[in-house]
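The primary structure of each chain is shown beneath.
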Amino acid sequence: MIARPATIAFPSAPEILTDRLRLRMPVYGDFAHRQAFYADARSVWEGGPFTAEQAWRIFASEVGQWPLMGFGPFSMEDRASGEYLGEVGIYQPEGYPEPELGWFVTAGAEGRGIAAEGARAVMAWARASFGWDHIDNYIDPGNARSIALGLRLGGVIVQAPGADPTDVVIRHDLRGAA
Amino acid sequence: MIPPVLHTERLTLRAPVMADFAAYCAFVTSDRARFMGGPHSEGTAWSWFCNDVAQWALLDMGGLILDRPEGGPLGQVSLTHGPQFPEPELGWFLFDGAEGQGYATEAAAALRDWALGPRGLDTIVSYIDPDNAASAAVARRLGATIDPNGATPGNAPTQVWRYRRAA
Chain Z
793 MIARPATIAF
803 PSAPEILTDR
813 LRLRMPVYGD
823 FAHRQAFYAD
833 ARSVWEGGPF
843 TAEQAWRIFA
853 SEVGQWPLMG
863 FGPFSMEDRA
873 SGEYLGEVGI
883 YQPEGYPEPE
893 LGWFVTAGAE
903 GRGIAAEGAR
913 AVMAWARASF
923 GWDHIDNYID
933 PGNARSIALG
943 LRLGGVIVQA
953 PGADPTDVVI
963 RHDLRGAA
Chain E
9 MIPPVLHTER
19 LTLRAPVMAD
29 FAAYCAFVTS
39 DRARFMGGPH
49 SEGTAWSWFC
59 NDVAQWALLD
69 MGGLILDRPE
79 GGPLGQVSLT
89 HGPQFPEPEL
99 GWFLFDGAEG
109 QGYATEAAAA
119 LRDWALGPRG
129 LDTIVSYIDP
139 DNAASAAVAR
149 RLGATIDPNG
159 ATPGNAPTQV
169 WRYRRAA
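Here the protein sequences come in this chain order: Z and E. Residues 793 to 970 (the numbering used here) are what the first sequence spells out, left to right. Residues 9 to 175 (the numbering used here) are what the second sequence spells out, left to right.
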């Protein structure tokens with residue numbers, strides 16, 4: 793079991809740079825991308841499609857995790873162009889047994905390894921910041937793309953509680969991550 | 009922005025922290041939230057709680073908890089402007105047992121003054137259910153008046169109480 797940090801060391805997302813990406817605190821302008829994703833059939837594995845109001849509730853409540861828990865979502869930008877590419881981060885809404893590693897990318901950013909690059913950076917940050925020895929993904933069993941990515945990142949499917957009883961839980965060993 | 013800390017005669021208004029969620033959740037899941045469409049689920053309570061916090065990061069406004077030197081939190085006041093709201097809205101609620109002592113008026117007055125002062129807004133509103141006499145009385149005491157032409161969020165039967173910066 794991994795636990796939330798006892799003190800809020802990160803009330804806002806720190807900036808993390810990777811080869812191609814800048815990870816940063818979400819801003820209001822990012823919501824339009826999230827709303828578009830949630831309005832689209834691509835969001836079916838996240839429980840969507842959602843209305844604009846539902847999308848806002850989800851987006852904002854995740855951003856609110858930073859001051860409350862000291863971790864949360866990072867927006868991903870193309871380091872060179874500044875283009876918004878998606879989100880990666882650590883999520884723990886009501887009912888999640890542990891903080892969870894999650895991601896989404898815009899339709900135009902699919903198939904380029906963006907989510908993988910962001911997720912590796914967030915795992916290293918989480919290990920260095922909180923000392924967690926693992927972090928899990930909770931993924932709908934129909935979401936083959938995300939399951940494949942979780943496994944490609946070195947995760948293994950484990951029998952552990954997820955957000956939903958049918959979730960595939962993929963565990964990443966962080967002990968060598970940072 | 010970093011949320012302000014506002015002081016009133018009896019209260020400190022400060023950013024919510026995790027420890028406030030239990031009382032917040034108890035309110036949202038109770039019949040006392042009936043004028044906010046409740047009672048709601050714990051999941052909804054969590055979403056709202058995080059939302060009110062997140063707006064400080066996203067919109068330079070948000071929720072503040074009514075705290076006091078001893079005895080624990082009494083409720084929340086908020087200035088919020090999610091996409092569902094046509095204008096920034098001043099809202100408040102008190103936890104069970106804190107009613108009838110003027111706390112909502114005292115706290116909302118301080119946040120109104122911050123909104124129309126340091127925050128630089130010319131006008132804000134409160135969306136109040138016409139059956140919610142207690143909240144309408146608070147808005148009246150705070151100097152708000154009903155704006156019959158004000159846009160309302162969604163299709164809810166809501167009155168728009170408007171506050172304006174003093175000339």
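Calculated directly from the structure, the hints in this document are not laboratory data. Note that this is a predicted model, so its numbers are computed, not measured. Incorrect hints may have been included.
[Stated by the list, open to error] Quick partial rundown of chain Z residues pointing at chain E, CB under 7 angstroms, derived from the structure:
| no. | residue |
| --- | --- |
| 1 | I794 |
| 2 | W848 |
| 3 | A852 |
| 4 | S853 |
| 5 | E892 |
[Unchecked claim] Chain Z regions said to be covered by chain E (calculated; three or more residues, Cβ under 8 angstroms):
| no. | region |
| --- | --- |
| 6 | 870-877 |
| 7 | 907-920 |
| 8 | 945-956 |
Heads up, the beta-carbon is just placed ideally off N, CA and C, and yes, glycines get one too.
Please flag the earlier hints that this structure goes against, numbers listed from lowest up.
Those not satisfied are hints 1, 5, 6, 7, 8.
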